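Colleague: One-letter residues, chain by chain:
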Amino acid sequence: GQSLEQPSEVTAVEGAIVQINCTYQTSGFYGLSWYQQHDGGAPTFLSYNALDGLEETGRFSSFLSRSDSYGYLLLQELQMKDSASYFCAVRDNQGGKLIFGQGTELSVKP
Amino acid sequence: GAGVSQTPSNKVTEKGKYVELRCDPISGHTALYWYRQSLGQGPEFLIYFQGTGAADDSGLPNDRFFAVRPEGSVSTLKIQRTERGDSAVYLCASSVIGREMEQFFGPGTRLTVL
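The listed protein sequences correspond, in order, to chains A and B.
Be aware that the first sequence starts at 10, since it is given in the working numbering, and climbs by one per residue.
Be aware that the second sequence starts at 396, since it is given in the working numbering, and climbs by one per residue.
Mixed in with the good hints, there may be bad ones.
As the list claims (entries may be wrong) - If you want a taste of the chain B side facing chain A, the calculated C-beta under 10 angstroms gives, among others:
hint, residue
1, Gln432
2, Tyr443
3, Ala450
4, Asp451
5, Gly454
6, Glu495
7, Phe500
Stated by the list, open to error - Sample of chain B residues with no beta-carbon within 12 angstroms of chain A, all distances over it, derived:
hint, residue
8, Ser468
9, Gln475
10, Glu478
11, Gly480
Said to hold, decoys possible - Sample of chain A residues with no beta-carbon within 12 angstroms of chain B, all distances over it, derived:
hint, residue
12, Glu65
13, Ser76
14, Gln88
15, Lys90
Please keep in mind that the hints were generated in silico from the structure rather than gathered at the bench.
It should be emphasised that the depicted structure is a prediction, and the values quoted were computed from it without experimental measurement.
All C-beta atoms in this analysis are idealised placements derived from N, C-alpha and C, irrespective of residue type, glycine included.
Pulled out of the complex, with its shape left as it was, chain B reads as follows (with noise of 0.2 angstroms):
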């Protein structure tokens, strides 16, 4: 079967754009996450989605992310007023309920805030 995919593989936008990324997790995974990684770096929590709820947004770092999962299946990561430091692969993940721990990670976008 599919596994998850990301659109776009890539987004180059202007400092202070608003961006959408979108997630199509593995069918019939419940839990959706959005990490976001650095070079160099591990992946970093930003949200975790059970079924259309986001049960985890601590990660967010302010309030200029947002992301929905209205129908608990696709989701959006929303970006408003990007800046130079948004700059980063925002990864997808999904897993079943109950195996948090085997996530399974998408391709990834890559975001350039010029």
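Chain A extracted, bound-state conformation (with noise of 0.2 angstroms):
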């Protein structure tokens, strides 16, 4: 089967640095996008690994090795307005399809 694990909630305080880990198992990768989410809203892309390494983008970094199926997302300097859920997605295919993981619930305490 396909699956993808990540932690179901973090919490962490203002200003601090939070990690999400996610491990796949999929029968095919093509790259591993992290979302958020906000309650009531819609998953906005946050960040993309193919290969592996680190991706930054401003307070948002992701990481990927491909040969431990592994994954995290490092937020920065945390913000009240950066709790929300995030999840990793892996594309298995060519195609566009994307497998989500269950999603972790940050929450950013003052």
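With the hints as a guide, bring the two chains together.
Modeller: Here you go:
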């Protein structure tokens, strides 16, 4: 089967750094994406890794290790508005199908 | 420019009825996707269009679900003989070909089957 595992909840304080891990088991692999979703809102794209290493986009960075079937999203200088659910998603073929994890609910406390 | 739009935003129907959900992708986005999301879960893939054709419909749960995109822009997801288990938020997304990892999602249609 195909599965993505990520923690269900993470709590951190404003200004801190938090890492959300994702491990995957899929039949194919063409990249790992991260999406943010606020309550009642649409998922919004944050970052994407197709190759091993770190991608940095402002306060957000994403890392991938294909040999370990593992990636993480790193959020720095946390702000209250970062409280949301974060999903990792794998593209498992050359088409556009994304397989999403169940999401990590991040709570940022003052 | 405008993002992905979906109508209606909410749909309440009775078990056994037929529903249509509409998606207007971002102009120029050739790829269009349908997902559905239940509370506390990640989006679940249903179908993917490249232009007018369904390139991957492996996520459609059964033959009650069907989607079209006749002119390569607007898409309609059609559900026949709705069941209570079909209740979910139906999300549409679009992307540029070659950047399928970066999908732009619409606000969704919340479908409730009574």
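Colleague: Determine for every hint whether it applies to the structure shown.
Modeller: Now the hints, each set against the structure:
{"no.": "1", "hint": "Gln432", "in the structure": "holds, 8 angstroms"}
{"no.": "2", "hint": "Tyr443", "in the structure": "holds, 5 angstroms"}
{"no.": "3", "hint": "Ala450", "in the structure": "holds, 5 angstroms"}
{"no.": "4", "hint": "Asp451", "in the structure": "holds, 5 angstroms"}
{"no.": "5", "hint": "Gly454", "in the structure": "holds, 7 angstroms"}
{"no.": "6", "hint": "Glu495", "in the structure": "holds, 4 angstroms"}
{"no.": "7", "hint": "Phe500", "in the structure": "holds, 4 angstroms"}
{"no.": "8", "hint": "Ser468", "in the structure": "holds, 16 angstroms"}
{"no.": "9", "hint": "Gln475", "in the structure": "holds, 23 angstroms"}
{"no.": "10", "hint": "Glu478", "in the structure": "holds, 23 angstroms"}
{"no.": "11", "hint": "Gly480", "in the structure": "holds, 18 angstroms"}
{"no.": "12", "hint": "Glu65", "in the structure": "holds, 16 angstroms"}
{"no.": "13", "hint": "Ser76", "in the structure": "holds, 20 angstroms"}
{"no.": "14", "hint": "Gln88", "in the structure": "holds, 22 angstroms"}
{"no.": "15", "hint": "Lys90", "in the structure": "holds, 18 angstroms"}
Hint compliance for this structure: every hint is met.
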